[in-house]
Every structure is written in structure tokens, then in C-alpha cells.
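Q: Taking the hints into account, I'd like the entire structure generated from these sequences.
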Amino acid sequence: MQEFFQQLANGVAWGSIYALIALGYTMVYGTLRLINFAHGDVYMVGAFAAYFLARALGVGTVTEASPLLAAVVLLGSMAICALLGILIELLAYRPVRRSSRLTALITAIGVSLFLENFGIRVFGADPKFFPQVIAPRTITLAEGVLVTNHQITVVVVSIVLMVALTLFIKRTRTGKAMRAVAFHRDAASLMGIPVDRIITITFAIGSALAAAAGFLVGLTNPKIEPLMGIMPGIKAFVAAVLGGIGSVPGAMIGGLLMGISEYLVVGYISSTYRDAIAFVILIAVLLIRPAGLLGRNVAEKV
Amino acid sequence: MSLLSLADLHVHYGAIHALKGVSIAVDEGTIVTLVGANGAGKSTTLRAISGLIPASGGDIRFRGKSLLGMKAHEIVRAGISHVPEGRIVFANLTVLENLDLGAYLRRDRAGIAEDMKKIFRLFPRLEERRRQAAGTLSGGEQQMLAIGRALMARPTVLLMDEPSLGLAPILVREIFSVIREIRAAGTTIVLVEQNARMALATADQGYVLETGSVRMSDRASVLLESPFVQAAYLGGAG
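Residue numbers (full-length UniProt numbering), protein chains in the order written: chain A, 1 to 302; chain B, 1 to 238.
Accuracy of the hints is not assured; some may be wrong.
[Claimed, not checked] In silico negatives: residues of chain B with every beta carbon more than 12 angstroms from chain A:
1) Ser5
2) Asp8
3) Ile16
4) Gly69
5) Ile75
6) Ala110
7) Glu114
8) Arg125
9) Glu127
10) Gln132
11) Ala150
12) Glu181
13) Glu210
14) Leu234
[As the list claims (entries may be wrong)] Sample of chain A residues lacking proximity to chain B, with all beta carbon distances greater than 12 angstroms (derived):
15) Asn149
16) Ile198
17) Ile281
[Unchecked claim] Keeping only pairs whose Cα atoms sit at most 20 angstroms apart, straight-line, the calculated EDC-like set for lysine to aspartate or glutamate is:
18) Lys170(A) <-> Asp100(B)
19) Lys71(B) <-> Asp196(A)
20) Lys20(B) <-> Asp59(B)
21) Lys118(B) <-> Glu97(B)
22) Lys65(B) <-> Asp8(B)
23) Lys118(B) <-> Glu181(B)
24) Lys128(A) <-> Glu225(A)
25) Lys71(B) <-> Asp186(A)
26) Lys170(A) <-> Glu97(B)
27) Lys118(B) <-> Glu174(B)
28) Lys65(B) <-> Asp100(B)
29) Lys117(B) <-> Glu97(B)
Derived by calculation from the structure, the hints in this document are not laboratory data.
Cβ atoms here follow ideal geometry from the backbone N, Cα and C, with glycine treated the same way.
A: This is the structure we're talking about:
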């Protein structure tokens, strides 16, 4: 039972990261019906942005690790990736908005390859060690169940961001406009909603959440490299599909389930199959419930 | 000069020439109706006015200014609201949220609250269901919500696309009486209808569209008596 709870704790921490990335997939899909395959790479850029910010602030050399510093690094990398998301939308996706979905999909793959190779060229292909912006500590949750303060930070930051996002979408004028655009773009524009601007905001928010995930991964797994976004990107996409793509709470639940199942596989089967579970889940969802757990089970409008 | 005028308007959907030089004049405070068969270009005309599809020729002028090249949300800001074909209420949002979105461009909270009350007076059913998701409303209620939502923008001109489509006769009469009330309150209306008899009986001016062109236009009461219109559009309807 200890083993189970230990893996559950690990799984929740990883799952929170998947959930943050999955939110970006699901929000962009909701508004544009586009699978933004570059999203995992935005997460990678987020990790690097945090890395360079932490280095610039002298973490580990001239300044002491502190939660305040961590917050500065987190918000900074979120802001940088929000800008990156806006640029990607403006330069890559907007020009093909009226083209076929296949064109948009190929564009997304192109952006993904561009970011990966940009990372290799600019950041270097060798892994970098993420500075310790918060001094590590181990906490005993229960007998034999150990977590680090980093894992707790991951879960707490993720919860705060998800609650903030949910309130934003439910309560604010822009949030309501986002839901309207996701439902029907033309009808939203007839309300006077500037659809292009709302789409840009959606990209900015999704990318900022991916950056937060990148920072949190740097905290718990301090080895970052330019191709680190590929696998988590795919898994978070599966998480979004599992939750029901387009559904915000679905992405959160899907991410958590993905993280937990991964660690249960590690604990009870073999870490060799850790990555395989994502594809098993994807196949199972597509066979059993293609709309996902919270997805609207309706035929798509054309 | 007319409040809203279309001059020799052309629209293409790819290779299809959907509007072939449509000219329409809408005077302030009137109801103008466009009648005609499916595919005549009625909805296309409304969609071109509200900027959902680009015109490929001609001009659309509102208060003397051309609307061409303006985005749909800018046209709403200019004072033209559109109740789209098929209603398209935001099904996953509540009735109140739908109405709020109708007032998206407005900041005057007091005025918004006042207009919301007016809309609930016009459609008491909506008030009863204000916290319900719009997707759970009946077809007639969704139509009321679509109209109410458009009115929340306080438009100068209201474009209405087939408001009676698919509704029971009693609801059709109710919707038409609301249309007259909206006009009485000072809003100019452009009404697209397949129910030509009701539309012409309600409107001041009428245009008969056929395959992307204006076939006839006259005072609505004159069209209602015209043998051609009676034979082609009112035949058998009673």
C-alpha cells in the first residue's frame, strides 16, 4: 500500500504538469479546431526561459534560492512564452486560418520542428542543469511515502493556475467571449467580439501555462534540453483527448489521470513501459469513448 | 437619403456568383423584407451587410459611410446587429450569459440592466429560464434569446434571418408581433423570410429576390397584392 501511495503522489505531481500543458492544447483546439503540435516545444522554451532568467538573476551563484525568486522566474517565463504564443499565432497560424485543416496541421508540425531546431541551434543540444531556485527538502507524507517540497510546489502552483484560469473563463468578459468564440466564431463576431484578438489571447494563455509547466519540470527534474518537449507534448495531447478535447476541466482530469497511470505502470509493471501507457490510453479512448471523458458527444459541424 | 443602402452588390462563394448586383434601400424606422426561395441570396445579403462574407463588387453604405472592408465586430459597433439564421445561441452558456454577450461592446452597466429588463418584458419566458443553459431551451425560446441578445447591443438596424423558421404557428405570430414592437421602439429592421405572406403583411417595403438578383421591389402592401408574387410566393399558403 505504501508503494501505491508513493506512486500516486509522484503521479499527481507529474500529472499536474501534463494538465497544465493539456490546457493549452484543449483551449487552442476549442477556438480553432487546430491541434497545435508546437505546444510541447513552447513548454520546452518555457523551461529554457526560466533557466536563463534564473541564471541572469544569479541563482545559485550570487543570490540565495527563495520562493520570491522562484515566483519571479515563473512569471517571467510565462510572460516570455505568452509572447511566443502570440507570435506563433500571428506569423504561422493566422495566414492559414482560411485554408484547409490539413494545411494548418502541417503548419503546426513545421512550427514544432522550427522551435526544436531553434532550441538546438541557440540553446545547444547538450542538456543543461536547471538551477535550484528553491532549496530542496524531503517531506514525509505518511510512513514510507516521501515527497519533495518541489513536488508540492508543482501541485500547488498548478492548482492555483487552474483555479485562476477557471475563474477567468467563467467570470470575466474576455472569458465569456472565449467560450462564445469556441462555440461559434461567426455568431461571436455578431456580438461585437473581436474574434482575432480573442484567439490571440487564447494562444497567449495556453503558452503561458505551458511555460509554467516547463518551469515546474525544471524544478523537479532539473535536466532540460531542446527536445524535452516532444514526449510530454504527445502525452499531454493524449491527456487532452482523454479528458475530451476542447473541455478545460477535461484537460485537468486527463492530465492527472495520465500522470497517475504512468507512475502506477512504473511502480507495478516496469518503467520500461512508462511511455507506452500514453498510447495504450489513446487507443483505448479512441475505441471506447472518442469524445473523451467530458467531451461533447456530438457529430462535428462542417 | 436612406439609412442603409446596398448598391449593385456582388458576392462570390468561390466560383459561385451568389449576389449579382443587388440594390436595396432601407429608410430609418421602417421594416424592409427580403422574400424569395431558398438560394435566392437573402441570407447572403444579410451576411454581406454584417461583414461575415466579403463583397466582391458594389457598395454597402450605412449613414453615408461604406461598410466594405470593416470586420464583423466593427459593424456591430457601428450599430448593425444580426440575428443569424438558425439562431446560433451559445448553447453551453446560460440565458443571462448569452444576453451579456449581446452587450459585449457596451460599458454602461445601468443601461445594460435596463435593457435586460425590457427584453424580459418582451419575452417573459427568458426570465424564467435565465440560469438555464441556452442549449436546453426550445426552438421558440432560442429564437427569442437570439433576438434579445441582438437587441442588447442597442442596434440602429436589426437584421433578422428567418426568425419564424421551424416554429409553431402560434409562435410565428408572437415573433411577428415582437418584430412590430421592436420597430415601434425605433429600431429599423431588415427581415429575411420564407414566410412571405407574414413578412409582407408586417413590412413597409419589400424586395423579391431570385437567384441573386432583385426581381421586384415595391411597397410591401403592393407586393402582397401583386399577381406575380401571389402566384410565385403566396400560392396555396391560404
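Q: Each hint needs a verdict: does it hold in this structure or not?
A: Cross-check of the supplied hints:
Against chain A, the non-interface label of Ser5(B) holds: every CB pair exceeds 12 angstroms, the least being about 21 angstroms. Listed as a non-interface residue, Asp8(B) keeps its Cβ farther than 12 angstroms from every Cβ of chain A; the least gap is roughly 25 angstroms. With 12 angstroms as the threshold on Cβ separation, the claim that Ile16(B) sits away from chain A holds: the shortest Cβ distance comes to roughly 17 angstroms. Under the 12 angstroms C-beta cut-off, the non-interface status given to Gly69(B) relative to chain A holds; the minimum distance is some 15 angstroms.
The Cβ of Ile75(B) does not lie farther than 12 angstroms from every Cβ of chain A; its closest approach is about 9 angstroms, which violates its non-interface assignment. For Ala110(B), the requirement that its beta carbon stay farther than 12 angstroms from each beta carbon of chain A is met, with the minimum near 17 angstroms. Separation of Glu114(B) from chain A is adequate, the least Cβ-Cβ distance of about 19 angstroms exceeding the 12 angstroms criterion. Arg125(B), annotated as away from the interface, keeps every beta carbon of chain A farther than 12 angstroms; the closest lies near 21 angstroms.
Non-interface call for Glu127(B) relative to chain A: holds, since the shortest CB-CB distance, roughly 20 angstroms, exceeds 12 angstroms. Look at Gln132(B): its CB is around 16 angstroms from the nearest CB on chain A, clear of 12 angstroms, so calling it non-interface holds up. Not every beta carbon of chain A lies more than 12 angstroms from that of Ala150(B), the smallest distance being close to 8 angstroms; the non-interface claim is violated. Against the 12 angstroms criterion, Glu181(B) stays outside the reach of chain A, whose nearest CB is about 22 angstroms from its own CB.
Remark: the non-interface label on Glu210(B) is consistent with the geometry, its nearest Cβ contact in chain A lying 26 angstroms away (cut-off 12 angstroms). Chain A leaves Leu234(B) outside its interface by the beta-carbon criterion, the shortest separation being 31 angstroms against a cut-off of 12 angstroms. With a closest Cβ-Cβ approach of about 39 angstroms to chain B, Asn149(A) is found to remain outside the 12 angstroms limit, as its non-interface label requires. Against chain B, the non-interface label of Ile198(A) is violated: not every CB pair exceeds 12 angstroms, the least being about 10 angstroms.
Interface exclusion of Ile281(A) from chain B stands, the closest Cβ pair being 26 angstroms apart, more than 12 angstroms. Of the supplied pair hints, the one linking Lys170(A) and Asp100(B) holds, its CA atoms being roughly 13 angstroms apart against a limit of 20 angstroms. Only pairs whose Cα atoms come within 20 angstroms are accepted, and Lys71(B) paired with Asp196(A) is accepted, the gap being roughly 10 angstroms. Restraint check for Lys20(B) and Asp59(B): satisfied, since their Cα atoms lie roughly 12 angstroms apart, inside the 20 angstroms limit.
With a CA separation close to 16 angstroms, the supplied pair Lys118(B) and Glu97(B) stays within the 20 angstroms bound. Restraint check for Lys65(B) and Asp8(B): the C-alpha separation of about 16 angstroms stays at or below 20 angstroms, so the hint holds. Using a Cα cut-off of 20 angstroms, the hinted pair Lys118(B) and Glu181(B) holds, with the two alpha carbons roughly 12 angstroms apart. With a CA separation close to 6 angstroms, the supplied pair Lys128(A) and Glu225(A) stays within the 20 angstroms bound.
With a CA separation close to 11 angstroms, the supplied pair Lys71(B) and Asp186(A) stays within the 20 angstroms bound. The hinted pair formed by Lys170(A) and Glu97(B) meets the criterion: a straight-line CA distance of about 10 angstroms does not exceed 20 angstroms. The hinted pair formed by Lys118(B) and Glu174(B) meets the criterion: a straight-line CA distance of about 16 angstroms does not exceed 20 angstroms. Between Lys65(B) and Asp100(B), the direct Cα distance comes to roughly 29 angstroms. Violation of the 20 angstroms bound is thereby established for this hinted pair.
This hinted pair checks out: Lys117(B) and Glu97(B) have alpha carbons roughly 14 angstroms apart, not beyond 20 angstroms.
Figure legend: structure checked against the earlier numbered hints; hints not met, in rising order: 5, 11, 16 and 28.
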